[in-house]
Amino acid sequence: MKNKKGNFDETPDCTLDNKKVNKTEDLIAEIESLNLDVPDEVMRRIENDVQQSEKQPQISMVGLSRQLMSVAPECRGRMRISIVLACIGELFSFATYFFSAYAAGWLIKRAYGNPTGFDELLKYAFLAMGSLLLYFIFTGFSTVISHKTSFAILAKLRQTLFDKLKVIPMGYLVDNPVGKIKVIIMERVADMEDWVAHLMPELPSRLLHPLLCIIILFFLDWRIGLSIFAPLPIAVIGMGTMMYQYRGRMAVWLSSYANVADRSAEYVRGIPVIKAFAQDKASYGKFADAVKFYHFSTMKWWKQSWLGKALMTAAMMTPQLVSMPLAFHFYGQGQIGIETLLLSLILPISILPQAFAIIMSFELFQMASNNWVPIKELLDMPVQKRPDAQNRAALDKNKGIKFENVSFSYHEDNEILHNISFETKPGEVTALVGPSGGGKSTIAKLLAGFWDQSSGMISIGGADTKNISFKQLTEEISFVSQDNFLFDVSIKDNIRLGKPNAAEEEIIEAAKAAHCHEFIMALPEGYNTKAGDAGGLMSGGERQRITLARAILKPASTIILDEATAYADPENEALIQEAISHLVKGKNLLIVAHRLNTIKQAHQIILIDKGKIAAKGRHDELMKEPLYAGLWKKYLGEE
Amino acid sequence: MKFIKLSFKLAGQYKNRLKAGIILIFLQNASVLFGFVALFLSFSWMKETSNRHILMIFGVLFISFLFNFLTGWAKSGFSDGVFFGIFKDYRLTVGEKLKKAPMGYFAEQSLSRIMAAFTNVMKSLENYSSMSIDFAFSGISISFFLLIGMFGINVKIGILTLICLILIWICVLLMVNQSKKEVSREHAAITKVNDALIDSICGVPVLRSFPLVDAGVVEEIHSNLKNSSEELRLSQVHFEIVFVIYSRIFTTIINLSSLFVTLFSCYLYTKGEVLLPQALTVSAAGFMLFGGLKQLENAAILMVKNPANMQYLDEVLDIPEISDGALEVMENQDIVFENVSFSYDKRNSVLKNISFTIPQGSKTAIVGPSGSGKTTIINLISRFYDVDSGEISLGGKDIRDYKVETLLKNLSLVFQDVYLFQDTIENNIRFANPKASHEEIVEAAKKAHCHEFIMELPDGYKTMVGEGGSSLSGGEKQRVSIARALLKNAPVILLDEATSSVDPENESEILAAIEELSKGHTVISIAHRLSTVRRADRILVIDNGKLVQEGKHEDLINDEGIYSAFIKARERAANWKL
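As you go down the protein sequences, you meet chains A and B in turn.
Quick note: the first sequence uses this note's numbering, first residue 1, plus one each step.
Quick note: the second sequence uses this note's numbering, first residue 1, plus one each step.
Hints were generated in silico from the structure; no laboratory data involved.
Watch out, some of these pointers could steer you wrong.
What the hints assert, rightly or not - Simulated pairs of lysine-lysine, BS3-like, Cα-Cα distance not exceeding 27 Å:
| hint | chain 1 | residue 1 | chain 2 | residue 2 |
| --- | --- | --- | --- | --- |
| 1 | A | 466 | A | 399 |
| 2 | B | 346 | B | 123 |
| 3 | A | 286 | B | 97 |
| 4 | B | 192 | A | 164 |
| 5 | B | 226 | A | 166 |
| 6 | A | 303 | B | 19 |
| 7 | A | 292 | B | 97 |
| 8 | A | 281 | B | 123 |
| 9 | A | 123 | A | 156 |
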């Protein structure tokens, strides 16, 4: 998750930066004052995590909800209705309190010889039950609506993210593991569920209940209203001791957990190595230390918070501590009636069950806002600007590929390619060679439009690639990789992707050229076999040759080939190579070459080193270059 | 309640603390009785409330507060962190067991189970278990004290309360059961979407590269994702709505209960069966106590949130232990396979009655198509698995007669997938021999051709390597692992050559490093490179679990067969030109 991220970060300005450094230092000082003997690796992690989290943009509850709703604006209305219904429903739940108060009044009147019939009481009981039924209906409808809406929002969010994949730079898809993208679309979105489906629609009505209780109490008698806050100072003191040095403890705790997770993963995954070197004692020690420190730091924190927690719970469980004696006192003095007395007894206690839910919701909000970060990042990822598919650029068949002073960087401060300029002629083979990590593959990816260059111009057939629509560009260029992905449709349709109106014969011809006709015919239903059904029957190399047949069928004028990534498995290498030979016949070929022998006869060899062109020319000319000659020496030494 | 049973099973030394905690939760909730008493006293005195009475009411409430505080504090001390302790012990126990497990146990399936147990499952249980237990037992104890109070006032009211409570508990149990069913349905749906989504994400670049495709095919391609997403959405909506309806019924029953109890006590008052203070107490207390039960809903939510794969915790504890021999000395390093058969799943045999001898000091290359059983041979020599029948001997003794440690001391394994620890490069190399000095490590690194690139790293040998070695290129990792093997200096080297061409520009460096490693040792390598094969003293050609050809390169190349075909294909590939 850490790499590539930096790409889209905005650079924070200096003053902010200073503040952050101070914050980090404060935290470190706080942690040191805890006297926990934090192990170095946990400490390093804490520093890292704090810096990372300071970089994250802060977001409020309303802000988060707004951003979420902007993904599915059509759901806004229904969400509002659901919230309003929930609030109305909540009002009806008060009926029982008032009924109780009425019943008490009825009892007292009777006791003082002023009897009202039992029928009267029953009438009110039915009214109360009616209200409860309304509560049931309103809140029931509200939650049904809100859940339907919420899951529609989540589904829409997933769809939006998935659609985004179709327009962001292709390089993101190629350079990031599928798992990482999947985690954002599935897991991160699923983690938003609590927020979207429960808190966003329910929090307002949950807050409404205790709020109304307090308002009613104030309305009945302001002194009693005030008195329910009497246990509050105790709760605050409790909270205070719980939160004392909270930030530091939290940071240590989180990081020591992360450390345990990593150490466990390392221990489990590394166990073949650990055993092979008979080092289980040492490795186990490291793992055990991490586990023990995690337990130690957790317990330290918990122990510190027990007293505060008990105080807070006790205070919250006895909200009537002062209000109840006070209410009786007023009643005794005749200042309030029996109904008010009863309500003063009941209402403070009915605040309780909501308290837990509200406290939980703040925690859930924290989680949700953390999960939102990677989602938002993908949502906000810049889109490459290209003309629409209808506007076709005129390409000159007599002109090849041209790079003019092209520079490129993933991160602003780290340029990978510097001022690359070269030109190719149509139908010729151009090879990029050089030490690994020099930037050869990046040049190929820029040409394919996987990323946009930072400066300079790339053109094909005389047209700037930025003025060529993606559709037209992909028609012109085939990028061959070791990717062997097949869709779960028939093999015929998988090949036909290269040319939708291809005749059956063309498809078979392409398959033959890619050496896959034979094994396809051996499949249960030949070309009509679904790729998914044939999954177990085809090797990786065979699948790859089907993708090559697809590329052969496509009428592209230019082929980009990254030799190192071109073969999925060594056993099929020769066959795959022959398929590629068919593919590149008579086309513009740009090859990122790793084995020099392959490109000895290339029309043009471009030697790339450290992001720059060191030399270009034919093989014989380049042999005068010490770097190129050195590469050959190394290469020949190997076979 | 399966969950509580599992908790006690895992609790070990913490069992008593867990019990004490539960008892204290009971006591803590007894504080509701104080509230009950306070109410009753107040209503008894309501006609003539003197200041003394008011103070006494306050006194009772204050005692209730203190009692709650003290029992709560004691409860925290006994059982709050108890699950962190339980899982500390659990982690350490599993860690111990892993040390003694046979390597074969770490096949992908069990690895992911262990990882799941170690991460998600434990994390959520650690955090939520004590809360769930708190809620559940609070609910039980509040019900209990509510009954005591109500029966104390009047038997008939007590019976009505009991009926209400039974209804409430039935509702809670139904809620939990129904949710469990729905949760498993939802999990199945999630798995489906996950698979479809991975497929679709992989497909995006392809579709973007072939934009001419017609709508019908695209539709068919996307239908899988669309259908499974819709299925997931429906199952989620269904789940939530079922849960919500139960939860509303639950709240409504609680509210109705207090309403009925109030009404009933008023009715009994008209019959003269209860006195005024009692009737008033019931009207007020009904709310307090029934209201406390609302927490049960939270318990139900947490129960549902418990991870579905909780049973992994149990399974992981049943890790088998490898049998250990007694021999500590190895006389020589001749390796002999005698009629060895083996299968991973006890059905499809991978090696079929295979026999061969590898004399000490020789260099042997194993060649054959993928899936022929090459890697299995190496796995068996290092006792990742044990043979089904036949015998493998090393230095004249069955390898199972040696102590596992002794056997592995004599072997150096260089894997295809190199695993590096999140530590400095130096420590990663030192891993092979913790006593090695810095000079010895540099020496090994030089021989393995990694000294140069290590020196170019920001902190040289002290540079941290990312988990699994993510910050190094494939070729670099491989050379670091060779340096490790060099430092270990074991007499037998088992080498699995990388299949994919990890930075071919540096291939010669890797070959030179392997050359260095092989000097003077017995080497068995699974070979893909021509040079390795040509240099071998002996080549074993394996096909379909059987030894089909055996000899030197010069002897085999002229025979028609798998070997010559293999060599020809490799030569063709190496000489490919564009």
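Hints, one by one, checked against the model:
1. Between residue 466(A) and residue 399(A) the alpha-carbon distance is near 17 Å, which keeps this suggested pair within the 27 Å criterion.
2. Proposed proximity of residue 346(B) and residue 123(B) is contradicted: the alpha carbons are some 36 Å apart, above 27 Å.
3. Taken as a hint, the residue 286(A) and residue 97(B) pair is honoured in the structure, with Cα atoms around 16 Å apart against an allowance of 27 Å.
4. Of the supplied pair hints, the one linking residue 192(B) and residue 164(A) holds, its CA atoms being roughly 22 Å apart against a limit of 27 Å.
5. A hinted pair counts as satisfied when its Cα atoms are at most 27 Å apart, and residue 226(B) with residue 166(A) qualifies at roughly 16 Å.
6. Taking the CA atoms of residue 303(A) and residue 19(B), the gap is about 19 Å. The hint holds against a cut of 27 Å.
7. For a cut-off of 27 Å, the pair hint linking residue 292(A) to residue 97(B) stands: about 17 Å separates their Cα positions.
8. Between residue 281(A) and residue 123(B) the alpha-carbon distance is near 26 Å, which keeps this suggested pair within the 27 Å criterion.
9. Of the pairs offered as hints, the one joining residue 123(A) and residue 156(A) is violated, with about 49 Å between alpha carbons and a cut-off of 27 Å exceeded.
Going down the numbered hints, you'll see the structure goes against 2 and 9, while the others check out.
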